[in-house]
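Visitor: On the provided structure of chain A, position chain B as indicated by the hints.
Chains A and B, in that order, are what the protein sequence lines are.
For the first sequence, the working numbering assigns the number 1 to the initial residue and increments by one for each residue that follows.
For the second sequence, the working numbering assigns the number 1 to the initial residue and increments by one for each residue that follows.
Keep in mind the hints are simulated off the structure, nothing from the lab.
Careful: at least some of the hints might be erroneous.
To be verified - Simulated crosslink set (BS3-like; lysine-lysine; CA at most 27 Å straight-line):
hint, chain 1, residue 1, chain 2, residue 2
1, A, K55, B, K226
2, A, K367, A, K338
3, B, K31, B, K55
4, B, K27, B, K365
5, B, K55, A, K55
6, A, K31, A, K55
7, B, K55, A, K27
8, B, K27, B, K55
9, B, K338, B, K27
Claimed, not checked - Computed footprint of chain B on chain A; a stretch qualifies when at least three of its residues, placed anywhere within it, have a C-beta under 8 Å from a C-beta of chain B:
hint, segment
10, 201 to 213
11, 239 to 248
12, 253 to 263
Even glycine gets a Cβ: it sits at the ideal position worked out from N, Cα and C.
Number of protein chains: 2
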Amino acid sequence: MPSLSLRGLEVPPSPIRKLVPYANQAKAQGKRVLHLNIGQPDLPTPSVYWEALQKADIRVLDYTESGGIPAFREAYARFYNEIYHIPLGPQHFLTTTGGSEALLFAFLTLLSPGDEVLIIDPTYANYIGLSYATGIHLRAVESFITEDFALPSPATLEAALTERTRAILLCNPSNPTGKLYSEAEVRAIGSLCQKYNLWLISDESYRDYCYDGQRFFSALELEEGKDFVVVIDTLSKRYSACGARIGALVSWNTDVLQVALKWAQARLAPPTLGQIGGMALLALPPEHYTYVRETFQRRRDVLLEGLRSIPGVTCASSQGAFYLMPELPIEDSDDFAKWMLECFDMHNTTVMVAPGTGFFTQPEKGKRLVRIAYVLEENLLEQAVEILRVGLNIYNREHTAIF
Amino acid sequence: MPSLSLRGLEVPPSPIRKLVPYANQAKAQGKRVLHLNIGQPDLPTPSVYWEALQKADIRVLDYTESGGIPAFREAYARFYNEIYHIPLGPQHFLTTTGGSEALLFAFLTLLSPGDEVLIIDPTYANYIGLSYATGIHLRAVESFITEDFALPSPATLEAALTERTRAILLCNPSNPTGKLYSEAEVRAIGSLCQKYNLWLISDESYRDYCYDGQRFFSALELEEGKDFVVVIDTLSKRYSACGARIGALVSWNTDVLQVALKWAQARLAPPTLGQIGGMALLALPPEHYTYVRETFQRRRDVLLEGLRSIPGVTCASSQGAFYLMPELPIEDSDDFAKWMLECFDMHNTTVMVAPGTGFFTQPEKGKRLVRIAYVLEENLLEQAVEILRVGLNIYNREHTAIF
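Just chain A, same shape as in the assembly:
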């Protein structure tokens, strides 16, 4: 056979999804698996979504415009106006097939092969996958669990810039650490971009998940950033609608969106039903967001307290997203995550976590970390903590015995 591409052979699998075969095997054996590995909220998708589809009464499920149904983009703008108080218009939105595609289009539009993007490690695993697809080089500056994964200082970031650096990619709040960056931190990043003429790609997929009364500061609020800020947005997490595959590339800079539209044309259109249902979601009242935020804040509290009560576990505090990235008393998070699925259960139940290695550009730095998504009810999170506590204990005994 002809050879496969180097990029195809080299791109790492998703750390969030690569253990799926082991989870399926565990389930086939009759085990119950608590899925803490994936960022899929468990709250019901708001019923207005289904009502909108019903009401649409579609005869032909046809393509929409490549940039999205005009009324959908208007709904998006209205949502940004009314809920976020950012006065964008429909012309500032390009509808995409989830946040993933928004990021793909951002890379293709703003960056050439070989260009460098500064990211913060640990980072969202799929940035790595998409960098292989687009020929971009990711240069990571590490944030540390001992510092609650705080943004590295401007001086540290500045020192990491090279001649090829063309953008900073910030995930705020952070997937995988749950770190919420402050207005001051976002402004510092903005200043750096302005000083060095860099794009700021701000992935704000989790912006509705901010706790402890913290206000989210969007990169779109940077007055000086109107030309260089590009935001990745998605309906997935906001509305528990990951399967709709609808997101947006958002920017004040319509030149960016004009070019991105050409990539959008090359894939024809985003899903139609996701846009029709999405219009109804974007019109939900403010109470929706309060309910979601309060629900997840309680879960964070339960999980954080539970994890910290396990001997040998360290967990940074977190004020955003729905992830925690604890350090466990283990040497190999991939092996541990697999072992939990293959070799362990408690009352026939086990836990699936995402190994930390996949969230670092240098995988070995994540060997003691795992990402845990708190996308289950509190009592299940409590159960998951107990399973982890006992699992860690037995895993470490077995591994001490072997070596």
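Guide: Only chain B this time, still in chain A's reference frame:
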């Protein structure tokens, strides 16, 4: 502002969609636009699609597995077994967000930046867009309207191969010409791929649209091609479900699909509802395909006869897909298509066609050609022909008068 990427600036807009603003303007002025520009069948999406969504009664619209719902891939395999008599299994399918994404994954999986792919001109416009996204170079061998867009001879194709050629990409039946390649032609391409160790990427999106009793021969039926054949498939055209955004990468070669799965993981999952409804579509009885084929064959007859009756118009015969690519008595298909929207109507109705320029790697070769999709009922196609007849007449008078 920082500069945009070269690939973003250089990628051409879609010839099928770039005139959308003019069409919207025409509609805003109260004109009716007959859309012959886009490959969107007008038949109703079969009702089983909506029934399946209704019955699914989904609580959380969640991600599916990156490669698709296992039951969906099983339904796909069953469909290939029962309707096409090709004994593939679920492991031979990777579910994608439409055929476009299947092609993106094929390029990323099989080819490295700078690699060349042999294509036949005129070609499907989005191959050009996707080649920019993936850094692939397309090398075209021209097919000619005077030869009914027949496949160039094996010797001609062979002569176009270079050291960098790594694949042949065939669209069968052809978008945009409607040319159906015979079993002998597919075998000739297969032999060439085998001889030179090339991938054969066969885009079979329109395989259900074959007329005059012709049997479609899939590249998947090449006995020797089990390692090098990769097929692009989609539900879009087969079931009038373009907006579902569901397709598949299909191959006997599971190594290809294993690597492609990593790209699939990097974008998380294809749309959930499209898969749920899609399972029901894939289970439709053979009568569905007969009905669709017969409907479109009648339309082809009407359109072909009508176009050939217009003075100065040449139209190759066609036995597949739902496109014709006539040569018109004009010098600039972009200008003509725009003029039809901006400056012309007949009883307040006009026609939108896709300029031929966008379907050639050397755009100037398409200056006298347009692509017409026969995705309207016969009486509307007859009306469209009359509008084109009168439009061409007036356009040419106006343009002779000016120059």
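Visitor: Next step is simple, just say for each hint if it's right about the structure.
Guide: Against the structure, the hints come out as follows:
no.	hint	result
1	K55/A x K226/B	violated (46 Å)
2	K367/A x K338/A	holds (13 Å)
3	K31/B x K55/B	violated (40 Å)
4	K27/B x K365/B	violated (30 Å)
5	K55/B x K55/A	holds (16 Å)
6	K31/A x K55/A	violated (40 Å)
7	K55/B x K27/A	holds (25 Å)
8	K27/B x K55/B	violated (38 Å)
9	K338/B x K27/B	holds (14 Å)
10	201 to 213	violated (count 0)
11	239 to 248	holds (count 6)
12	253 to 263	holds (count 8)
Of the numbered hints stated above, those contradicted by the structure are hints 1, 3, 4, 6, 8 and 10, listed in ascending order.
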